[in-house]
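Asks: Each chain, written out:
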Amino acid sequence: MAARAIWKGNLKLNSTKIPVKLYSAVQDRAIRFHILDDKAKMRVKQHMINPESGDEVPNEEVRKGFEVEPGTFVILEEEDLEKLVPEASRDVEIKKFVSATSIPPAYYDRPYYVGPDGDQAAYFALAEALKNQEKEGIAHWVMRKQSYTGALRAEGDYLLLCTLRSADEVLSAEDLPTPAGRAPEKRELAMAQQLVELLKGDFDPKEYKDEYRQRVMEFVEKKAKGHKPRLKLVKSKSKTASLDKILSKSIESLKKEKRSARSA
Amino acid sequence: MPAVRKTRRKPATDHEEQRGARPFWSGTLTFGLVSVPVDLYPGNRNARTPLRMLGPDGVPLSRRYYSQKTEKDLDADDMIRGYEIEKDKFVLVTDDELERLAPEQSRDIDLRSFAPLEQIAPIYFDRSYFLVPSSGSEKAYKLLAETMKKSKLAGIATFVMRGKEYLVTIFPENGILRAETMRFSDEIRTPKDVGLPEKKKVPASAVKKFETVVKKHSARSFSLKTLKDERAENLRKLIARKKASKKNVVHVEVPEREEGKVVDLLDVLKKSLAGKKKAA
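As you go down the protein sequences, you meet chains A and B in turn.
Per the numbering used here, the first sequence starts with residue 18, numbered consecutively.
Per the numbering used here, the second sequence starts with residue 828, numbered consecutively.
Honestly, the hints are just simulated from the structure, not real lab data.
The C-beta atom is built at its ideal place from N, Cα and C for all residues, glycine as well.
Keep in mind that the hints are not guaranteed to be accurate.
Computed cross-link-like contacts, DMTMM-like style, restricted to lysine to aspartate or glutamate with a CA-CA straight-line distance of at most 25 Å [claimed, not checked]: (1) B:Lys1070 <-> A:Asp97; (2) B:Lys1026 <-> A:Asp72; (3) B:Lys1036 <-> A:Asp174; (4) A:Lys249 <-> B:Glu924; (5) A:Lys272 <-> B:Asp953; (6) A:Lys58 <-> B:Asp953; (7) A:Lys226 <-> B:Asp953; (8) B:Lys896 <-> A:Asp72.
One-sided excerpt, in silico: chain A residues whose CB lies under 8 Å from chain B [as the list claims (entries may be wrong)]: (9) Gly26; (10) Lys29; (11) Pro122; (12) Met160; (13) Tyr175; (14) Glu186.
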């Protein structure tokens, strides 16, 4: 079944407008647990309390504030917050293009497929142009009272719009000191590189499965039928030998693995 | 954040994410037979203007779970996780069971595969973390970081952390290992799943037209600093204005909150990277 669009708008480049629809590219598969009151085996509820008196504060009396100094709050009323709501618009404005590899992974947040809403020729032509040029567009838009910055990219033959985090939200390793400790020795480095080369391959997302999710689900199903599956105890493990020895042992065993894989 | 997390600790306060100097997870990173004990810290932070919920008199409030039956507040020990099999019927699952369900080898980040980072499309990336050597593992840590930098490869692995399995790619950045969690392939829809139309042949002239636009507006360099959160900025400005006008400002007595103190993540990371001073 086709997914429902979450938003409708236009991609706007210069004076060109391409009508599009947005679809979530993510399918949530997390196992949803409820938090229960252990005694009553009922769902819990949440409320706000004054931690000093323990008294409940009803929602309509709750105010929002920002702590400017310890114990000093600037109160923000609903009308203040409403003023921060950006002006509504249906345009996804693209004014700049950058190389498709210039934004580090930590900036990408949520991906949305962009689908054509009418003019298919223009839609597929733009996707092809971005793919050929290996570029992505920096997009700005307002959706559901929020302003977003995103990257418009080619994903195969289609267009993908990924929301981007702001620079404030991403910690950069450039602001951190390099870890303490001595630099690795040449010999160790050579061996470690040899090891990594042996493990080198192409990234294939299909190779990785969330096996744990499946185990939890199977466990829940068994329990639902009244079984009580036995589970192993968690063991802690012990330490090992020198780096040098471990590296050469690793290389040996990997080579052996590869040899037997080839002869099989 | 996985839904599972909620009952693992004390009920979450409004902006718990910003708090606490403890690592999010501690474990072992392995490649070959080399094991590197590491601490994992968040590499993303929420917009820096968290609003607090206050009472009518300005007292900061706490969010609490309470029982529908007794209407009394509940502590972490009074709560359990339940999976709803039919309406209002739950299968109970404890923290201990969830922990035991993870096979032993899945509790380490075992780098069994390395690939160029550029091969991973942004559609996969979810959240960012830093791996910091825990005391004693600096040597092996630096060796792995340096090796990946030299070979221009990122390590890929799956591991179970706090009741959820993660697919992760690890690569060095300024000598520090960044761990980027990724969505599993079954968590990503295909254009076909979504119902996007099949591509039709597009006239070369139409493609050329867009290529010209793209070229014309291509920035030679791009500063990440230009990626801004407009709302957060406007909020900060509004707060500054209100503070200066002295209207709508309340003062309350707050007890020393050691546990609840807002800590800057960057400071926490700097401290852990400086290496723990061993007692003489």
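Asks: Against each hint, give a clear statement of whether it holds in the structure.
Replies: Checked hints:
no. : hint                   : in the structure
1   : B:Lys1070 <-> A:Asp97  : 13 Å, holds
2   : B:Lys1026 <-> A:Asp72  : 61 Å, violated
3   : B:Lys1036 <-> A:Asp174 : 17 Å, holds
4   : A:Lys249 <-> B:Glu924  : 9 Å, holds
5   : A:Lys272 <-> B:Asp953  : 34 Å, violated
6   : A:Lys58 <-> B:Asp953   : 34 Å, violated
7   : A:Lys226 <-> B:Asp953  : 16 Å, holds
8   : B:Lys896 <-> A:Asp72   : 18 Å, holds
9   : Gly26                  : 16 Å, violated
10  : Lys29                  : 11 Å, violated
11  : Pro122                 : 5 Å, holds
12  : Met160                 : 13 Å, violated
13  : Tyr175                 : 5 Å, holds
14  : Glu186                 : 6 Å, holds
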